[in-house]
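Q: Okay, here's what each chain looks like letter by letter:
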Amino acid sequence: MKEQILKNLSNYLELLQERFGHEKIWEELLISVAEYGDSDIYHNSIKESLEKILEVMKIDEVLCALDIITDKIEGFPKEDLLKYIIYIKNEYCLEKENNLREVKEALTELATPIIRIWHDIVLTPLIGTLDSERAQAMAEKLLLFIDANKAKYVILDVTGVPYIDTVVGGFLMEMIKAVRFLGADVVITGIKPDIAHTLVKLGVDFNNIIVKRDLETALKYVINLIEKR
Amino acid sequence: MSMLISIKPEEYDFFVRINEEKDIVIARQMVKDIAKKLGFSLADITKISTVVSELARNIYRYVGEGFIYIRERKEGKDVYIELVAYDRGPGIEDIDLAITGGFTTTKGSLGLGLSGVRRLMDEFSIKSEVGKGTLVIVAKRRRSF
Amino acid sequence: MQERVVPIIKIYDCLVVPIQIELDDTTVEKIQKQILSEIENNDVKGVIIDVSMVDIIDSYISYTLSETATMARMMGCYTVLCGIQPQVALTLAQMGVNIKGIYYAMNLENALEILAGIEE
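As given, the protein sequences belong to chains A, B and C, one line each in that order. Just so we're aligned: 109 in our numbering is position 109 of the first sequence, and the numbers increase by one with no gaps anywhere. Position in the second sequence counted from 1, then plus 229, gives you our numbering. Position in the third sequence counted from 1, then plus 374, gives you our numbering.
Hints are computed from structural coordinates only; laboratory data are not their basis. Warning: the hint list may mix true and false statements.
[To be verified] Simulated crosslink set (DSBU-like; lysine-lysine; CA at most 35 Å straight-line): (1) B:265 to A:150; (2) C:407 to B:251; (3) A:96 to A:83; (4) B:251 to A:141; (5) C:474 to A:141.
Keep in mind that this is a model prediction, so the values were computed, not measured.
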């Protein structure tokens, strides 16, 4: 097979170039196959050439090209190359998944900033829709922050949250309760009609929770409490 | 033995025998270490250890002897810690009542034992047969962030 | 003589109870008895239980603490639980625990402030 490929290399490349282009990369692949295709050992140079091809061509085009070459070259290791392709695609998928997770993580970080805005006061504006995973990650972060900074008041501004479902509403209430176990108080601001609806349907006991109309009122209220002490 | 109330001990990585009060503390320390090794967050480690404390106490108080089994379980990319509390005690007559909270058969406790366990974990199942025993299986998934 | 399982320190009109041992059911019951007898023997207005070294508070421990606070109240004392760890706070909240009749404080200083602020 090696001699056959090397002898007719220019013919094959002409054919491939005509239909698919990218003559240089095809040349690399065919030479790698000629050199190492006979051995059973997985070889990096074949994988690298295939990676390059997959970057510039669609997968169905690559498969079609492999069919054509297999017809021309006797003993061409098409099956092995397909294995390589599956392997490469799988790696690519995993990488994508990792990226997606990182983005999700970053989103949680960005969407739930925790800011010490005044002596003893922490502000947490919630932005965007919450799911239970994000709500839990946020609760853990907030509690650690309060503990580390010994904050006495937490202003939870939910102006940026369009709606919450009952599960997330439950998590929020748990978070508020947990903050109170630490010895800090929570002031909620910016509750929209939908959220008010959900919270009441949840049967949330608002007796022990301070709610203010907006951030400004909440800040004035809390600062006033701190100055008084 | 009943088919319903049984497990295969060999499928579990660790177990703790509960028949003294100090075993409750041993069980929760052990689970804490295991959850830590599996990479759970500090908050989740605390939740899981608290669950074991509740399950072990139920065994110690109401039955006197039983076992806590622990294993790691993988489902696709998800990692779970699975805990099993198993005893051959008198069983629970009204399971629904036992897990809705406010239920308590001896003095003390907020009646939150099992309902608290259910709230803290992602999976919860209980099988009980009067005169045969009780099997509680719970699991928690490791959060990706 | 009452068995002593934890040190109890009297500061002004408060008792400070730092818990620095692993809590099992018997220990927490002993602590309850010890606190009540110290209240009886000392003229105090408040009890501060410091749980900053406690890694796990389960339903029975929290119930006993809440019970202790109610008993202390009957003897004319207010109870402050101080230094609950963040992860313990999250666990208690998710379990649905309500420790009633008790004040919460971040640290000892904060707890003393709270007790000083209660007007009889």
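Q: Now look at each hint and say whether the structure bears it out.
A: Taking the hints in turn, this is what the structure says about them:
1. B:265 to A:150: It holds: about 26 Å lies between the C-alpha atoms, which stays within 35 Å.
2. C:407 to B:251: Holds - the C-alpha atoms of residue 251 of chain B and residue 407 of chain C are around 20 Å apart, at most 35 Å.
3. A:96 to A:83: holds, 20 Å
4. B:251 to A:141: The given pair, whose Cα atoms are some 33 Å apart, holds under the 35 Å limit.
5. C:474 to A:141: holds, 26 Å
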